[in-house]
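First to last, the protein sequences are chains A and B. Going from the first sequence to my numbering is simple: count from 1 and add 37. Going from the second sequence to my numbering is simple: count from 1 and add 14.
Just so you know, these hints were derived from the structure itself, not from any lab. Treat each hint with caution, since some may be false.
Here are a few chain A residues that face chain B, going by a calculated C-beta distance under 8 Å [said to hold, decoys possible]:
#1 W158
#2 I162
#3 L299
#4 A303
#5 S308
#6 Q419
#7 L420
#8 A422
#9 F432
#10 Q437
#11 S447
#12 A450
#13 Y521
Pairwise CB distance ranges, derived in the manner of DEER restraints [said to hold, decoys possible]:
#14 A:G580 - B:T28: 44 to 52 Å
#15 A:K651 - B:D139: 25 to 33 Å
#16 B:T28 - A:Q559: 49 to 57 Å
#17 B:R205 - A:N377: 21 to 29 Å
#18 B:R199 - A:K651: 30 to 38 Å
Using N, Cα and C, we set each Cβ at its ideal position, and we do this for glycine too.
This is what each chain is made of:
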Amino acid sequence: MDPVSHLGVFGYVLFWGLTALAAGVFGYRLYQLYRYLSLGRKEESYGQLFRRAVTAIGHLIAQQCQFKNLTRKDRAGIGHMLMAWGFLLFIVYYFFFIIIASGFGISDVMEHNPVYGIYTWIMDIVAPFIMLGALWGIIRRYIIRPPRLEGQRTFEAMVILVTVLIHPITHLGKIATQIAAGHPPAGLGILTPPISTAFSHIYTSSASLDLWHNVWFWSHWGFVLLVLIIIGYTRYLHMLAALLNDLFSTPPPRGIPHRINLEDEATFGVSSIDGFTRKQLLDLYACVEPGHCQEVCPAYATGKPLNPRSLIQDLKSNLLTNGPLMLEKKEPLLPLIAENGEGSVSEEVLWECTTCGACMEVCPVNVEHVHHIIDLRRNLVQLQARFPDELLNLFENMEQRSNPWGIAPSERAKWASDIDVKPFSADATEYLYYVGCAGAFDARSRRTTLAVTKILNAAGVSWGILGKDESCCGDSLRRLGNEYVFDRMAQENIRLFAERGVTKIITQCPHCYSTLKNDYKQYGAELEVYHHTEFIYELIQDGRLKLNPITDLGKLAFHDSCYLGRYNNIYEAPRQVLTAVTGHEPAEMDLHKERSFCCGAGGGRMWMEESLGKHINVARVEQALEKDPQTICVCCPYCMTMFEDGLKDKNITEQVQILDLAEITAQAIK
Amino acid sequence: MLVVACIKQVPDTTQVEIDPVTGTLKREGVPFIMNPFDVHALEESLRLKDRYGFRVAVVSMGPPNTEITLRKSLALGVDEAILLSDRAFGGADTLATSFVLAEAIKQLHQKNELAAVICGRQTIDGDTAQVGPGIATRLGFSQLTLVDRIEDVDVVSKKVRVRRKVGGWREIVEAPLPALIAVVREINRLRYPTVPRRLMAEKAPVSLWDNKEMKLDESMVGLRGSATQVRRIFSPERVKGEILGDGLNEPEDAANLLLGNLIEKDVLYFNSNR
Ligand SMILES: Cc1cc2nc3c(=O)[nH]c(=O)nc-3n(C[C@H](O)[C@H](O)[C@H](O)COP(=O)(O)OP(=O)(O)OC[C@H]3O[C@@H](n4cnc5c(N)ncnc54)[C@H](O)[C@@H]3O)c2cc1C
Ligand code: SF4
Ligand code: SF4
Numbered sequence: 038m039d040p041v042s043h044l045g046v047f048g049y050v051l052f053w054g055l056t057a058l059a060a061g062v063f064g065y066r067l068y069q070l071y072r073y074l075s076l077g078r079k080e081e082s083y084g085q086l087f088r089r090a091v092t093a094i095g096h097l098i099a100q101q102c103q104f105k106n107l108t109r110k111d112r113a114g115i116g117h118m119l120m121a122w123g124f125l126l127f128i129v130y131y132f133f134f135i136i137i138a139s140g141f142g143i144s145d146v147m148e149h150n151p152v153y154g155i156y157t158w159i160m161d162i163v164a165p166f167i168m169l170g171a172l173w174g175i176i177r178r179y180i181i182r183p184p185r186l187e188g189q190r191t192f193e194a195m196v197i198l199v200t201v202l203i204h205p206i207t208h209l210g211k212i213a214t215q216i217a218a219g220h221p222p223a224g225l226g227i228l229t230p231p232i233s234t235a236f237s238h239i240y241t242s243s244a245s246l247d248l249w250h251n252v253w254f255w256s257h258w259g260f261v262l263l264v265l266i267i268i269g270y271t272r273y274l275h276m277l278a279a280l281l282n283d284l285f286s287t288p289p290p291r292g293i294p295h296r297i298n299l300e301d302e303a304t305f306g307v308s309s310i311d312g313f314t315r316k317q318l319l320d321l322y323a324c325v326e327p328g329h330c331q332e333v334c335p336a337y338a339t340g341k342p343l344n345p346r347s348l349i350q351d352l353k354s355n356l357l358t359n360g361p362l363m364l365e366k367k368e369p370l371l372p373l374i375a376e377n378g379e380g381s382v383s384e385e386v387l388w389e390c391t392t393c394g395a396c397m398e399v400c401p402v403n404v405e406h407v408h409h410i411i412d413l414r415r416n417l418v419q420l421q422a423r424f425p426d427e428l429l430n431l432f433e434n435m436e437q438r439s440n441p442w443g444i445a446p447s448e449r450a451k452w453a454s455d456i457d458v459k460p461f462s463a464d465a466t467e468y469l470y471y472v473g474c475a476g477a478f479d480a481r482s483r484r485t486t487l488a489v490t491k492i493l494n495a496a497g498v499s500w501g502i503l504g505k506d507e508s509c510c511g512d513s514l515r516r517l518g519n520e521y522v523f524d525r526m527a528q529e530n531i532r533l534f535a536e537r538g539v540t541k542i543i544t545q546c547p548h549c550y551s552t553l554k555n556d557y558k559q560y561g562a563e564l565e566v567y568h569h570t571e572f573i574y575e576l577i578q579d580g581r582l583k584l585n586p587i588t589d590l591g592k593l594a595f596h597d598s599c600y601l602g603r604y605n606n607i608y609e610a611p612r613q614v615l616t617a618v619t620g621h622e623p624a625e626m627d628l629h630k631e632r633s634f635c636c637g638a639g640g641g642r643m644w645m646e647e648s649l650g651k652h653i654n655v656a657r658v659e660q661a662l663e664k665d666p667q668t669i670c671v672c673c674p675y676c677m678t679m680f681e682d683g684l685k686d687k688n689i690t691e692q693v694q695i696l697d698l699a700e701i702t703a704q705a706i707k
Numbered sequence: 015m016l017v018v019a020c021i022k023q024v025p026d027t028t029q030v031e032i033d034p035v036t037g038t039l040k041r042e043g044v045p046f047i048m049n050p051f052d053v054h055a056l057e058e059s060l061r062l063k064d065r066y067g068f069r070v071a072v073v074s075m076g077p078p079n080t081e082i083t084l085r086k087s088l089a090l091g092v093d094e095a096i097l098l099s100d101r102a103f104g105g106a107d108t109l110a111t112s113f114v115l116a117e118a119i120k121q122l123h124q125k126n127e128l129a130a131v132i133c134g135r136q137t138i139d140g141d142t143a144q145v146g147p148g149i150a151t152r153l154g155f156s157q158l159t160l161v162d163r164i165e166d167v168d169v170v171s172k173k174v175r176v177r178r179k180v181g182g183w184r185e186i187v188e189a190p191l192p193a194l195i196a197v198v199r200e201i202n203r204l205r206y207p208t209v210p211r212r213l214m215a216e217k218a219p220v221s222l223w224d225n226k227e228m229k230l231d232e233s234m235v236g237l238r239g240s241a242t243q244v245r246r247i248f249s250p251e252r253v254k255g256e257i258l259g260d261g262l263n264e265p266e267d268a269a270n271l272l273l274g275n276l277i278e279k280d281v282l283y284f285n286s287n288r
């Protein structure tokens, strides 16, 4: 007895008619969304598609998107896993046991084999778990109300959760009435038999049981088709988009801006939504707004107008509003960047980002916010020459004197005037010690520079410097969107490295490190680059440094800098060095490693005023102080400045000191 | 109407060293920049273009590599860049320099009516602040120096009103066009070039006017046309300053330290007439 064949020809017409209608609406919507997506710029082709696809599907099945945040004491993921796994099993069920079985009138064949028996049993367990998942979602969103879901208790979210909740009920009703009506499938589950007993008490005649089975079947299928339709119009869409977004996600290191093509003005910066790449537009579809990014963003946390979640959603609304018009070659309605809410994004929002990468780290669906932000900045800087006043000096200093302060390049080697330093030469020295602007010019960071030289000498490393000829790596310029000048500087540096035979580089600044290592790779530079943390760790492991454990630092807290940690995955080396040098593992702040909170200086923010909200560096110093340290260890000249300033702000420079890892190590050298 | 900005390419003097043996400037490897005062002359001429739709030309006398600086001005939006370069122009003092510049401006004026010539107040290498006034005198233009604001240009009655920054006060003066305006650095902030403009400027032509083109009397230009002759260049002995503090102190402490030292040395001049 199949509810479709039961109605005869009309049954098939109804079944296939409804199914085709829903599939048609769904398919058309997908086509529409694809067309909007295709407004974006094409990127270089993606290699290794098969391997990527396997990984993406693996991630989906393993629900990696949820596990990565569960560790953060965020329990929403449990509900999501239950719903997602249940849903995957249901999709298989629909295909075989509804579309094929009922649609082709072969439910007898399909339902009377042991596989179906096992499947019914599984679905009996899965269905209540999906309902639990949905209930958990409703409870969290509307009763517990965690702050990251602020502003998201929308009608849409409710529709989704309620449909997820109802859907398994209709399934259970369908199976239970089928059993009660005396047509049990091959195997019985654990939940439907007792429900079927209940049903047989309510509907006593077999005719009414048949009728009710039909009603449950059609309402179940109708409900499934309804959900299929709303997928394309709600955040349900992430089921597809997130999978694709994983498929096309940038392999690590992520967040490194793409090069522009000086022959093609369209790549100079994004001024309207179709200026993004297709992957960047796919990001917008994939975003499910759970707001993990909002929760970890240092700018948002300190009261800045930037909220990465809203940014992505605002870009998405821009695409959905302007997409149809742009396809018809009409003027877009909604400007991408404009002030006072007249466009999707305001300029001030864009300048607040420190490119710390925390948002990308936590995003369950691989949204790459930093790329959007930098592309929008590029538009402002490169196409409109609009940027905060204080950046004009920076840009000119960088271009004319290759350092942020505009100090004469001849001063670059002054830090070394009292010590014996070799100039780098390929025959006489192995490593280039690339000191960086802060290390060369900033009074505080020069102490770190000297500490590094002491360590290198103690370990007998063969190294030299470029002295006056060293130039800025260009990191800040690139993150601020001034790609043209960065491009010039990068090419000039790479030329100089090649000319001098530089292949191995030690840096003390994570920004120099990441730029030389990752960004310059885009120019074909094959450099072996080490940050001093890694290098010192290797020296210790190789027994090349004789250390006298130091004990007078008191409790020591360690701060992970974004461009070492999230960008380059260096978490262990500094911790191991500190353990070796002090005999203790450093104290961890609540936000550490992948979750570390930016000091506030990245992304060019070092050179800008911070006039809105609380200062990020003060917030971070407060987080450190919660651990009562006497010493805070950093590995970056920007972090150094930010922490020093933060301590001054708190007026506790007497009680707490900031030291670079190299300074601590140098103290321990015999 | 046309506005001409005079710009000079100068060695970045903060990076210049004096050869201790010969006593002359070590020019190798020293980067050249647009004279920092002329940056503002250029910007002001671009602002006049934005305000009144004038056409902007830049003129520079100097060696062929001055082209780099002229291209920079093209990237910022000037319409035409002219390089006055000829071996015969070399070694010019302010007299000869202002002569060549004035002649070039005269030729431009014949083609396109001139509203103003804008100069920087002075250069950072020659430092004389004489070239601007020299041009005005030779061409009989109104001479407006130390200008820190251009209030208004009236093209109908052919008048310009500017504010001058003199001594401890400002004065607003009006003068007939065409005028020579020498600007101070506070007058504006330079704009930043967009990338498409930079790329365009890389390919845009810089007109080269040599003396075959300008046909100036050789005895009036370059070394021969200069009244000044250089005997010797040397850097004056200077007592080296001392370094106070380590650059790491609190701003207040640093300020106190500095102030204390200045008071001790009795070099502060307190103005009672605030
Ligand atoms: C004693 C002496 C000897 C010198 N000997 C030599 C020499 O042997 N070789 C040599 O190359 N130089 C020499 N100079 C430098 C040269 O004379 C001056 O640089 C030149 O005359 C311009 O004067 P200035 O730099 O003082 O300009 P200022 O009068 O300070 O400049 C005012 C403004 O005039 C404009 N201006 C000035 N010069 C130019 C220019 N060339 N093109 C366009 N606009 C301009 C700019 O707008 C500038 O802001 C000498 C200078 C002196 C004082
Ligand atoms: S961008 Fe990612 S982390 Fe942010 S709200 Fe969207 S899905 Fe969540
Ligand atoms: S990179 Fe950091 S500062 Fe920028 S949006 Fe993401 S979390 Fe916020």
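Results for each hint:
At its closest, the beta carbon of A:W158 sits 64 Å from a beta carbon of chain B; the interface hint therefore is violated under the 8 Å criterion. Because the smallest distance between the Cβ of A:I162 and any Cβ of chain B comes to about 60 Å, over 8 Å, the interface hint for this residue is violated. At a threshold of 8 Å, the smallest CB-CB gap from A:L299 to chain B is about 7 Å, leaving the interface hint in force. With 8 Å as the threshold, the beta carbon of A:A303 stays out of range of chain B, its nearest partner Cβ sitting at about 11 Å, so the hint is violated.
Given the 8 Å rule on beta carbons, the hint for A:S308 is violated: about 12 Å separates it from the nearest Cβ of chain B. Annotation: A:Q419 was flagged as interfacial toward chain B, and the flag holds, the nearest CB pair being 4 Å apart, inside 8 Å. Annotation: A:L420 was flagged as interfacial toward chain B, and the flag holds, the nearest CB pair being 6 Å apart, inside 8 Å. Hint on A:A422 holds. Least Cβ distance to chain B is approximately 4 Å, under the 8 Å limit.
With a least beta-carbon distance of about 6 Å to chain B, the hint placing A:F432 at the interface is held under the 8 Å criterion. For A:Q437, the interface hint holds, the least distance from its beta-carbon to any beta-carbon of chain B being 6 Å, beneath 8 Å. Because the closest C-beta pair between A:S447 and chain B is about 6 Å apart, less than 8 Å, the hint holds. Proximity of A:A450 to chain B is violated relative to the hint, the smallest CB-CB distance being about 14 Å (cut-off 8 Å).
The interface hint given for A:Y521 holds, since its Cβ lies 5 Å from the closest Cβ of chain B, which is under the 8 Å cut-off. With their beta carbons about 47 Å apart, A:G580 and B:T28 fall inside the hinted range of 44 to 52 Å. Remark: the range hint 25 to 33 Å for A:K651 to B:D139 is contradicted by a beta-carbon distance near 47 Å. For the hinted restraint 49 to 57 Å between B:T28 and A:Q559, the CB-CB distance of approximately 34 Å leaves it violated.
Taken as a hint, the range 21 to 29 Å holds for the pair B:R205 and A:N377, whose Cβ atoms sit roughly 24 Å apart. A hinted range of 30 to 38 Å for the beta carbons of B:R199 and A:K651 is consistent with their spacing of about 36 Å.
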